[in-house]
Amino acid sequence: MTASFSIRALLRLCLFLPLLGLAACSTPQGDLSAFPEPTYSRDRLVADDIAERDLQAGIYDPWEGMNKRIYNFNYHFDRTVFVPVTNGWRRYVPGFARKGVNNFFNNIRDVRTLVNSMLQLKAEKAAQTTGRVMINSTVGLLGFIDVATDMKIPRPNEDFGQTLGHWGVGKGPFLVLPFLGPSNLRDGIGFLPDAYLQTELYGGFLAKPLRSTIWIFDSIDTRSQVPFRYYETGSAFEYETVRWLYSVKRDLDVEK
Amino acid sequence: MVSGQLRRCIAVMLFWMLAVPLSALAQDDYRYPIRDRWISTVVGTPVQIQAPLPAREDIPLRKRRVTVFPDREMPKALWYDGKMIYTVALQKQKAAPVMFLIAGTGAAHNGPKNLMMARAFYQQGYHVVSLSSPTYPNFVGSASSTGVPGHVFRDAEDLYRAMEVAWKDARGSRTATTYSLIGYSLGGFNAAFVAHLDKQRKTFDFERVLLINPPVNLYNSISLLDRMIENIPGGEDNFDVFFNDVMRVFSDIYKREQDDVGFSEDFLVKVFQAYQPKDEELAALIGLAFRMSSGSMIFVTDLITDYGFIKPKGYQIDMYESLAPYRQVAYRIGFTDFYHEFFYPFYADDYPGMSRDDFIETMSLNSITDFLRGADNIFVVHNRDDVILAPGEINYFPAVFGERARIYPWGGHLGNMEYIENVAHMVGVFK
Chain A
1 MTASFSIRAL LRLCLFLPLL GLAACSTPQG DLSAFPEPTY SRDRLVADDI AERDLQAGIY
61 DPWEGMNKRI YNFNYHFDRT VFVPVTNGWR RYVPGFARKG VNNFFNNIRD VRTLVNSMLQ
121 LKAEKAAQTT GRVMINSTVG LLGFIDVATD MKIPRPNEDF GQTLGHWGVG KGPFLVLPFL
181 GPSNLRDGIG FLPDAYLQTE LYGGFLAKPL RSTIWIFDSI DTRSQVPFRY YETGSAFEYE
241 TVRWLYSVKR DLDVEK
Chain B
1 MVSGQLRRCI AVMLFWMLAV PLSALAQDDY RYPIRDRWIS TVVGTPVQIQ APLPAREDIP
61 LRKRRVTVFP DREMPKALWY DGKMIYTVAL QKQKAAPVMF LIAGTGAAHN GPKNLMMARA
121 FYQQGYHVVS LSSPTYPNFV GSASSTGVPG HVFRDAEDLY RAMEVAWKDA RGSRTATTYS
181 LIGYSLGGFN AAFVAHLDKQ RKTFDFERVL LINPPVNLYN SISLLDRMIE NIPGGEDNFD
241 VFFNDVMRVF SDIYKREQDD VGFSEDFLVK VFQAYQPKDE ELAALIGLAF RMSSGSMIFV
301 TDLITDYGFI KPKGYQIDMY ESLAPYRQVA YRIGFTDFYH EFFYPFYADD YPGMSRDDFI
361 ETMSLNSITD FLRGADNIFV VHNRDDVILA PGEINYFPAV FGERARIYPW GGHLGNMEYI
421 ENVAHMVGVF K
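Protein chains in written order, with this note's numbering: chain A, 1 to 256; chain B, 1 to 431.
These are computed hints drawn from the structure, not numbers from a lab. Watch out, some of these pointers could steer you wrong.
With a straight-line cut-off of 30 Å between C-alpha atoms, the simulated DSSO-like cross-links for lysine-lysine are [as the list claims (entries may be wrong)]:
id : chain 1 : residue 1 : chain 2 : residue 2
1  : A       : Lys99     : B       : Lys113
2  : B       : Lys278    : A       : Lys249
3  : A       : Lys99     : B       : Lys92
4  : B       : Lys63     : A       : Lys99
5  : B       : Lys113    : A       : Lys249
6  : A       : Lys256    : B       : Lys278
Per the computed footprint, the stretches of chain B lying under chain A, defined by three or more beta-carbons under 8 Å from a beta-carbon of chain A, are [what the hints assert, rightly or not]:
id : region
7  : 100-112
8  : 134-142
9  : 318-324
For glycine and all other residues, C-beta sits at the position ideal for the given N, C-alpha and C.
Using the sequences and the hints given, assemble the complete structure.
So this is what it looks like as structure tokens:
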């Protein structure tokens, strides 16, 4: 068996997303003509070209309705499952153990960066990451100790979404992935080979039953590194701001 | 996270820059190093000279949600804000003093400044209950009786109710030996009126109250903040161009960093920490951050009240509808516009016959000066160069609070709040 169950499940989910989108994405602006004009109507206050000049709106999001539904699903999943689990993780697991787990997964993620640096012919990053992985996997005891960072070896980050971007593949529509959060079509597709690679790596030194459970720890570790909480940024326009920041960040990641 | 690195980087830079003036001014006994009011306001306190406090992970901070108005129906677009969110840290022993914290304009119960105070007072043995500003969208949606924040007396009543509800919700088997209260910025202003209300209600009978960098007159301060955005080169119509420039700076820093940048609300402010921008640019940036936060508040207020300010009256925005058209408008409205065309007309009926100017004067500490002068349990901390005070307003505090006012020579708006000496004084007020 090569790919774990979760990957196949995810693949299947991704195949269905666009279909879901067709059914659920329609969120036409309501017909406002029947209502009185507000004190500050858009027509009065905002110049005609605002839509083109508005940076935050310049992101292709034809599936906004579906995306917002998934965004809300993620909010509920986050609140009922993900965040309580990561809170428990932080509360009951000692700091050094959490750090060790984080280092272990980072070492695996470094392999992803290594492969994608090579795919983009980025020699320096590939060299740095090769050094990191070799040192951490040996002296660092399978990655549990991050010796490479102590040796001041930089830790770049490359994934398959960036590789696709590097070779000219556009971002495609904005896409909120279930559980995983904001993405776009290109990065969502790029996630699959990365995840496949990661599972193969686990397979290198883990017994079969462990391979699927390790995803749980990977997810907990990933989530506990991100302080973001859905609908708690204090902005009534959070979805748009997240969408915009994600796109800006990924553009920069590709350029980097 | 990158922000931490940037802060450290700035701190080192500042120490290099300021090493000489610091030693040259050794006779001056206030050693917070940043003398420029704009830089201090944006940069805050460099990590090395922040007060040493327990880490967030080392105190039992818990986020809780509680219903304040059981019958309230939320607009669909704000479905997630029906319950008030607040933060609490309870001592292990049952009986302890309680410290309430109120955040500044647009800030959350778990913003960095409230959490700094929570860490300080948890360490001092307090049960800590931390609330968002009445202008924070979640508070507007869940805990504001009218949905229109900014009214000094209404906000005080809302906060008072929120404090009662939160303590009842969080306390479990804990008991309070005494109650105290701190607010910073607008939260400090709120705290003064909450203390005033407490004189009649007496639920808490506050032991001590501390106001940190409060405005004197609300309208004066929001006008100053509003006008800061005019510092955008070419005026407000160049909002987008300016924003682009800011983003380019952001990009430059980001591309140089090895790690990932986390999503953070005040990322704009953090970006500029790595540069040495001009005062006008810093002012414009503060104005921009204020505008984004006030725009969000105005939109939420409009939805809750169905006033017809940005959204047509009677129209219900769907849960999944795009908010872009409303955001574009909300970010273009100054707080003073909101004040004149929404806030004042909304509340004018409460004060029949009162002129607009008198109304503005009522929304200020002046309306409770006598109370503040006589209240020997209320203390204030301020900075002579605070950017949210109109010229001369700083003199209000020594004049009214006398010995209970501590005015630092510099520090901007809250820039020195986390400085070791300021924190020592803040804690000392409650001893």
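Coverage claim, chain A over the region 100-112 of chain B, checked by counting residues with Cβ within 8 Å (three needed): It holds, with 3 qualifying residues against the three required.
Holds or violated: B:Lys278 to A:Lys249, with C-alpha atoms at most 30 Å apart: Since the Cα atoms of B:Lys278 and A:Lys249 sit roughly 26 Å apart, the hinted pair holds (cutoff 30 Å).
Pair hint A:Lys99 and B:Lys92, alpha-carbon separation not exceeding 30 Å: holds, 28 Å
Hinted pair A:Lys99 and B:Lys113, Cα distance within 30 Å: Given pair A:Lys99, B:Lys113 holds - Cα atoms ~27 Å apart, limit 30 Å.
Straight-line alpha-carbon gap B:Lys113 to A:Lys249, limit 30 Å: Holds, at about 27 Å.
Holds or violated: B:Lys63 to A:Lys99, with C-alpha atoms at most 30 Å apart: Holds, at about 24 Å.
Pair hint outcome, A:Lys256 versus B:Lys278 [Cα-Cα no greater than 30 Å]: Given that 30 Å is the threshold and the Cα spacing comes to 28 Å, the pair holds.
8 Å C-beta test of the region 134-142 of chain B against chain A, three or more residues: Satisfied; 3 residues make the cut.
Check of the region 318-324 of chain B against chain A for coverage (Cβ-Cβ below 8 Å, three residues minimum): holds (count 7)
Comparing the model with each earlier hint shows no violations; every hint is respected.
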